[in-house]
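K.L.:
One-letter residues, chain by chain:
Protein chains: 2
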Amino acid sequence: MKPNVKIIDCTIRDGGLVNNWDFTVEFVQDLYNGLNDAGVEYMEIGYKNSPALLKATEPNPWRFLDDDFLKQIIEKKKTKLSALVDIGRVDPNDILPREESILDMIRVACYVREVDKGLELVQMFHDLGYETSLNIMALSSVPEQQLIEAFDMVRESPVDVVYIVDSFGSLDPKDIEHQVNKFQALIPNKQLGIHTHNNLQLAFANTLTAMRNGVVYLDSSLYGMGRAAGNCHTELLVGYIKKTTYEIKPLLKVIEERMLNMRETWEWGYIIPYMISGILNEHPRVAMAYRNSAERDQFVQFYDQVTTPESTPSPTSK
Amino acid sequence: MKPNVKIIDCTIRDGGLVNNWDFTVEFVQDLYNGLNDAGVEYMEIGYKNSPALLKATEPNPWRFLDDDFLKQIIEKKKTKLSALVDIGRVDPNDILPREESILDMIRVACYVREVDKGLELVQMFHDLGYETSLNIMALSSVPEQQLIEAFDMVRESPVDVVYIVDSFGSLDPKDIEHQVNKFQALIPNKQLGIHTHNNLQLAFANTLTAMRNGVVYLDSSLYGMGRAAGNCHTELLVGYIKKTTYEIKPLLKVIEERMLNMRETWEWGYIIPYMISGILNEHPRVAMAYRNSAERDQFVQFYDQVTTPESTPSPTSK
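Residue numbers (our numbering), protein chains in the order written: chain E, 28 to 345; chain F, 28 to 345.
Bear in mind the hints are in silico, worked out from the structure with no lab data behind them.
The C-beta atom is built at its ideal place from N, Cα and C for all residues, glycine as well.
Some but not every residue of chain F turned toward chain E, in silico, with C-beta under 8 Å:
hint	residue
1	200
2	228
3	231
4	235
5	239
6	279
7	280
8	299
Over the 12 Å line for every Cβ pair with chain E, so calculated as not near, a few chain F residues:
hint	residue
9	184
10	212
11	321
12	336
Quick list of in silico lysine to any residue cross-link-like pairs, SDA-like style, CA-CA up to 20 Å:
hint	chain 1	residue 1	chain 2	residue 2
13	E	144	E	156
14	E	201	E	219
15	E	201	E	171
16	E	201	F	32
17	E	201	F	243
18	F	105	F	66
19	F	269	E	308
20	F	269	E	307
21	F	280	F	66
22	E	270	F	307
23	F	280	E	321
24	E	276	F	313
25	E	280	F	320
26	E	280	F	321
The following block holds chain E by itself, in its conformation from the complex (with noise of 0.2 Å):
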C-alpha cells in the first residue's frame, strides 16, 4: 500500500454537522489522545468561523475555534491539528501567525465558482505559515469547464493540498478513479485528498480507490460520526492501511466508551433516505429534515417526495 497516506480525522468537525458540536471537553481529549495513540496524523477539532460573521447566539467551542481555549485543553502531541473555514465566515483578525497557534493546517472548504476567494484565503493562512488545503465542495455536480477554469487558479496558489469532495455520497469507486486521474492532469504540482461520505456504503471503499491512485491526505470520522451518511470510517482506515505507525486498539477504545453512546443520542450512516440522496446526486439537506419530521421512517413517500419535480422542496439555504 502507500506508507505515505496521511489520514485526518474530522470526527469534531463533520460529527459537528449532526450534534451541533455537542462534544464535552473529555470528549475531545480523548478522541485526541486516542488518535494520537493510534498514529492518524491530523484531527481537525473543529471550524475556524467568526462567531459575529455568523450571528452566533451562544457559545461553540469547536465551531469557533479559539487558540486560547485550545491551549488550555488539549496537551499537544505528535497528532497535527487542522481547522476548517467557510468562504466569507472567517475574520481574518482572528487568525494568529501559526507559531503563536496549536494549529498546523487550515483548510479552506468553498464551491466551485468561489475558488478565487478560496485561494484568497489560502495564501493568507499559507502566508501566516500554515500549511493549507481547498477542499472544492459538491464536486460531483461540477460542470467540467468551472473546473479546469479552476484548476488554472490553483495551479498559481502555494495550497498544499486540493481535495476531492464527494459532498453527495454519490460517487463509485470508478468515478474517483476518474476524478483523480483528472486532478492529476490538471494540478499535477499539488498534493491531493479525499473527502468522501457514505450514502451508498461506498465512502471505506472510494478512499481505498483514491490511495491506490496516488491521493496522499484520507478524510474520515471516528466510527463514521458526519453528516446525514457519515464519513470514511478511521478505524476502518488504520485497520487496513499497511502503515507501521498505525494501531487500531486505541480507536477500538474510544469507540467502545464513547462513539457507541453518541450513537444512540445522534443519528448518522447507512439510512434509507440518506442513501435516496445520495442515487440521486442531491445535498442531503432534504433527507436531513425528514429524518427530524414524525414521517422519518417513510421511505416510499420520501421517494415519491425527491423524485416527482412538482413536489420537490426546492433548497434554498447552503
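We have chain E; now place chain F onto it with these hints.
P.N.:
Below, chain F without anything else, positioned relative to chain E:
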C-alpha cells in the same frame, strides 16, 4: 452498466443464519412480491437440506424447504426461486424433477476440498432439470493450487454458474478484480457469480467491481440481512444498476414495513467485532459468539483475544 446482470436475493437463506429462519409466511410472501415488483431475477428462499440428516428436532420451513408447502404459500410470478444445499446434508430423495418443483435453481455450497462431492450434487440437480451453481466458500483462504485443481473438474461439469464467495468479508475491490480475472482464465466456459459480506463495508463496492469485470450473478440481501456483518444490500443494487426492469420503490416498502422492525429484533451489519474478523480474514463464528456474550461491546478485549495466539479460541464447528 451491464443489463444482463441477475440479482439473487438471499434475505431468507443468509438472513436465516441470523434469526434461525424465524420468518413468518406473510413476511416471505411480502418479500417475494416486493422482489418480483422490483424486477429482482431470483429469490433464494432457503436451504433444501434434509431435516433427517441434520437431526432436526423442530420444523423449520425455510431451512428444510418442501415443495408442497412452497406451492401453497407462493403465487409464482416472474422472479425465479432458488435453494441452497450443503455437502452431506441433502437427501436425493427429497428433490423432485424441476418440472414438478416450484424451484428453478439449486445452488451447492462447498469448501474447495469437497468440490468433487459438490459437482456430484450439481450433476444430479442438472440431470433433474435445474439451473445450478457451485459456491466455493472461504475463497480468501483457498491455496491457489487447490483452486486450480478444483477448476479442472469444474470445467468439465455441467454447472451453469460458479461463485466467488467472500465468506469472511475480508476481500477488497482489488482482490475481487484479481479473483474474477483468475476465474475467467481458468473456467472460461462458465458464468460467474459473486457473494459478498459487509464486514469492511465493502460488499456493495466488491459487487460493483465484480459486475464491471463481467460477473453476471450478484447475490444480495434486503437491507443487508445476512450472517454477522450481512451481505451486499439488494436495494443498493436495484437503485444503482441501470437496468430498465429494476424499480427500487417496492423494496423501500418492504424495508419500511418489515426490515426496520426486523433489525430492531435481530442484529446484523457493520459491527466492530465483525470488522475485526474481516480484517483478520477469519470466520465470524468467534465474533458472533462474542456478540452473544455479556461482553459484547468490549471491543478492545475482543481484539486482544483474537490477536493473542495463546488465547485464540480454536473454532471446531463448521
